[in-house]
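Listed below, chain by chain, are the residues.
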Amino acid sequence: MKIITCLKEVPARDARYQLASEGTGIKESDLTFEINECDEYSLEESLKLGEEHGGEVAILTVGRRRAEKSIRKGLAMGADRGMLIRDEEGQLNSPHAVAVALAEVLKGEEFDLILAGTQSDDWSYAQTGVLLAELLGIPHATIVMEIQADPAQKKVKALREMESGWFQWVELPMPSVLTIQAGISQVRYASLKGIMQAKKKELRTIELSDLDVDWSSVPQVEVVRVYFPEVDKKAEILEGTTETVVEQLVEKLKKEAKVL
Amino acid sequence: MSEAIYVLIDHAQGEIRTASQESLVIGQRMADDSGFSLHALILGHEVRSLAEELAGKKVNSVVWVDDPKLEEYDPDVYCEALSQVLTEKQPHLLLMGHIYQNIDLAPKLAAAINKGLVTDCIGYRKVEEGFTFVRQMFRNKLNADVQIRSSHPWIVTLQAGSASVDDLQEGSAEVVAQSAELSSVQARRKSLEAFEVTKGKVDLSKAENIVAVGRGIKKKENLKIIEDLAETLDAEVAASRPVVDSEWLGRDRQIGSSGQTVAPRLYVACGISGAIQHIVGMKNSQCIVAINSDPNAPIFNIASYGIVGDLFEIVPALTKRLREL
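Chains as they are written, first to last, in the numbering used here: chain A, 1 to 260; chain B, 1001 to 1325.
Simulated from the structure, these hints should not be mistaken for laboratory data.
A virtual CB, placed ideally from N, CA and C, is assigned to each residue, including glycine.
There could be a bad hint or two in this list.
Here are the simulated lysine-lysine pairs, DSS-like style, with alpha carbons at most 30 angstroms apart [said to hold, decoys possible]:
| hint | chain 1 | residue 1 | chain 2 | residue 2 |
| --- | --- | --- | --- | --- |
| 1 | B | K1069 | A | K157 |
| 2 | A | K199 | A | K2 |
| 3 | A | K27 | A | K48 |
| 4 | A | K155 | B | K1190 |
| 5 | B | K1190 | A | K234 |
| 6 | B | K1069 | A | K233 |
| 7 | A | K2 | B | K1190 |
| 8 | A | K233 | B | K1190 |
| 9 | A | K155 | A | K48 |
| 10 | B | K1190 | A | K27 |
| 11 | B | K1201 | A | K234 |
| 12 | A | K69 | A | K154 |
| 13 | A | K234 | B | K1320 |
| 14 | A | K157 | B | K1190 |
| 15 | A | K193 | A | K69 |
| 16 | B | K1224 | A | K254 |
| 17 | A | K252 | A | K233 |
| 18 | B | K1058 | B | K1069 |
| 19 | B | K1218 | A | K48 |
| 20 | A | K193 | A | K48 |
| 21 | A | K2 | A | K234 |
| 22 | B | K1218 | A | K233 |
| 23 | B | K1201 | A | K157 |
| 24 | A | K48 | A | K258 |
| 25 | A | K69 | B | K1218 |
| 26 | A | K48 | B | K1190 |
Over the 12 angstroms line for every Cβ pair with chain B, so calculated as not near, a few chain A residues [claimed, not checked]:
| hint | residue |
| --- | --- |
| 27 | R16 |
| 28 | E52 |
| 29 | A76 |
| 30 | Q168 |
| 31 | E171 |
| 32 | Q197 |
| 33 | L208 |
Please take these sequences and the hints and turn them into a complete structure.
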């Protein structure tokens, strides 16, 4: 079975953001980047499917040159090869543009399944995987919590998370796109051996200019301003030593809120 | 082009989804701000009563598409039906709730008709060119104003809680049946069995007090301090999603959009940053106490009382103090 796993890198969880001077983005120079959380689960799921059914797992990323580090990490975890669509200037500034680039590269690939994280921790649009499926003309399922692939029958069953504690199994023909929810399984660590092997694995860079795309026909969605939200802090913040804040809290819960 | 705003109305078990009512509130505001007409769009089979209910809201019309194929959601069928409606009506904008069904549907629709989509918005601004949309990015730490620069119709999904359903204005409108040609659509995805994971297990909605724990607890072994506090308060232990994903607590203890919705008397949130997916499940609690080391954590925006500090110090101290009562 051939699996494409899409991953992107995002600022690390504990990032302290500063706005870029032009006001439409963040300063990236002081940040560290890591694989997006849902995408890491998606990679793990791809590797498990690869181990179960045999075949190949290829990583596909859109990003700057520095994203090679995240791809190498995925290769160290066990993926077979990597592809980076290099967008050094951040020209692919919407999920639609990213999906068009991914689809263009995938026209030259054979695959049975495409896995992608349901959403990213930077833009958080939750669009790319579904856009990609439609651009490729293949079916999809979103917010997936379990996968049962049947490569012989060219079918895959996916457990979709619904709202309010409900889940539903769906069945799709392959090839198809599944977008993976965080928490689907436990993500593995790269072994030392894996890290050594990753250095020798293929990592192909595709330049944006290599893609045969009429970008003017792609819907334009543009971030015109990025800013810190005005926080309407409702909470009464209790201050002091541990002992005094606890004392204040208990008093307030008893006398003000009357919940004790 | 007719300047119209359409709002997709989702429904489940014969009721209009809350997220759709909220979208309709935003739609009413946008229509008031712009002078555009507003139309509720409902897809389904034998949902006339819902269409009539919508006709009692302040909208210009209720557009109702009835087809047996629309009885249950399928991405291929729903996408085709919406594509046909949008192609015929050419509205300025289609609004819908950012619910799981529309996370599955909206990007497919945007790609199918090659139009601009902005998802998970919390509001809008009226500008000269029409509207820009406000959304959260970077783990809700930053906001962004997003502009669609390509041709209409635009598609926009709205985060749960972006408006209050109490603000929905009443009115009187006509129900207009709209046809869609769906006989040739092949649903490629087959829906199999659905089940409720929380059923028969812990019903947190009945708890008077809840002590909830988030990513800040760091590891499973640390849960003891949370359990001790819960015991002292005669409370149920609950969790935000990352704790459940890490398998430190069962999924039947998850609060939020994919877990249970609760409104206890007292909700103590320990090490929970307050992602919107969690907040929608507990914001109606009578008294919320938040303990978190990050002073900018969004949980403090909805808590009654906040303590900025190390939960590993605060929680045991609080347990100790409560035991003395």
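Verification of the hints:
Only pairs whose Cα atoms come within 30 angstroms are accepted, and B/K1069 paired with A/K157 is accepted, the gap being roughly 22 angstroms. Note on A/K199 and A/K2: the hinted pairing holds, with a Cα-Cα distance of about 22 angstroms set against a maximum of 30 angstroms. For the suggested pair A/K27 and A/K48, the alpha carbons sit about 36 angstroms apart, so the restraint of at most 30 angstroms is broken. Distance hint between A/K155 and B/K1190 is fulfilled; the C-alpha atoms sit about 11 angstroms from each other, no more than 30 angstroms.
Taken as a hint, the B/K1190 and A/K234 pair is broken in the structure, with Cα atoms around 46 angstroms apart against an allowance of 30 angstroms. Distance restraint check for B/K1069 and A/K233: the Cα-Cα separation of roughly 47 angstroms exceeds the 30 angstroms cut-off, and the hinted pair is therefore not satisfied. The hinted pair formed by A/K2 and B/K1190 meets the criterion: a straight-line CA distance of about 22 angstroms does not exceed 30 angstroms. As the CA atoms of A/K233 and B/K1190 are separated by approximately 46 angstroms, the hinted pair breaks the 30 angstroms bound.
Distance hint between A/K155 and A/K48 is fulfilled; the C-alpha atoms sit about 17 angstroms from each other, no more than 30 angstroms. At most 30 angstroms may separate the alpha-carbon atoms for a hinted pair to count; B/K1190 and A/K27 exceed this at roughly 45 angstroms. Taken as a hint, the B/K1201 and A/K234 pair is broken in the structure, with Cα atoms around 34 angstroms apart against an allowance of 30 angstroms. For a cut-off of 30 angstroms, the pair hint linking A/K69 to A/K154 is broken: about 33 angstroms separates their Cα positions.
About 27 angstroms separates the Cα atoms of A/K234 and B/K1320, which keeps this hinted pair within 30 angstroms; it holds. Annotation: proposed proximity of A/K157 to B/K1190 holds, straight-line Cα distance about 9 angstroms (limit 30 angstroms). Taken as a hint, the A/K193 and A/K69 pair is honoured in the structure, with Cα atoms around 17 angstroms apart against an allowance of 30 angstroms. Annotation: proposed proximity of B/K1224 to A/K254 holds, straight-line Cα distance about 25 angstroms (limit 30 angstroms).
Annotation: proposed proximity of A/K252 to A/K233 holds, straight-line Cα distance about 18 angstroms (limit 30 angstroms). Pair hint B/K1058 plus B/K1069 holds up; C-alpha atoms about 29 angstroms apart against a cutoff of 30 angstroms. Distance restraint check for B/K1218 and A/K48: the Cα-Cα separation of roughly 26 angstroms lies within the 30 angstroms cut-off, and the hinted pair is therefore satisfied. Among the hinted pairs, A/K193 with A/K48 is consistent with the structure: their alpha-carbon atoms are about 18 angstroms apart, no more than 30 angstroms.
Between A/K2 and A/K234 the alpha-carbon distance is near 51 angstroms, which puts this suggested pair outside the 30 angstroms criterion. For the given pair, B/K1218 sits about 26 angstroms from A/K233 by alpha-carbon distance, which is consistent with the 30 angstroms threshold. A C-alpha spacing of about 26 angstroms is found between B/K1201 and A/K157, which places the hinted pair at or below 30 angstroms, so the restraint holds. Note on A/K48 and A/K258: the hinted pairing is violated, with a Cα-Cα distance of about 52 angstroms set against a maximum of 30 angstroms.
At roughly 26 angstroms between alpha-carbon atoms, A/K69 and B/K1218 fall within 30 angstroms of each other, so this suggested pair holds. The suggested pairing of A/K48 with B/K1190 holds, with an alpha-carbon distance near 24 angstroms, which does not exceed 30 angstroms. Consistency note on A/R16: stated as away from chain B, yet its beta-carbon is not over 12 angstroms from all of that chain's, at 9 angstroms minimum. Listed as a non-interface residue, A/E52 keeps its Cβ farther than 12 angstroms from every Cβ of chain B; the least gap is roughly 20 angstroms.
The Cβ of A/A76 sits about 22 angstroms from the closest Cβ of chain B, beyond the 12 angstroms cut-off, so the non-interface label holds. The beta carbon of A/Q168 sits about 4 angstroms from the closest Cβ of chain B, which is not more than 12 angstroms, so the claim that it is off the interface is violated. Not every CB of chain B lies more than 12 angstroms from the CB of A/E171, the least distance being 4 angstroms, so the non-interface label is violated. Listed as outside the interface, A/Q197 is consistent with that label: its C-beta sits roughly 28 angstroms from the nearest C-beta of chain B, beyond the 12 angstroms cut-off.
A/L208, annotated as away from the interface, keeps every beta carbon of chain B farther than 12 angstroms; the closest lies near 20 angstroms.
The structure fails hints 3, 5, 6, 8, 10, 11, 12, 21, 24, 27, 30 and 31 (numbered hints given earlier, in ascending order).
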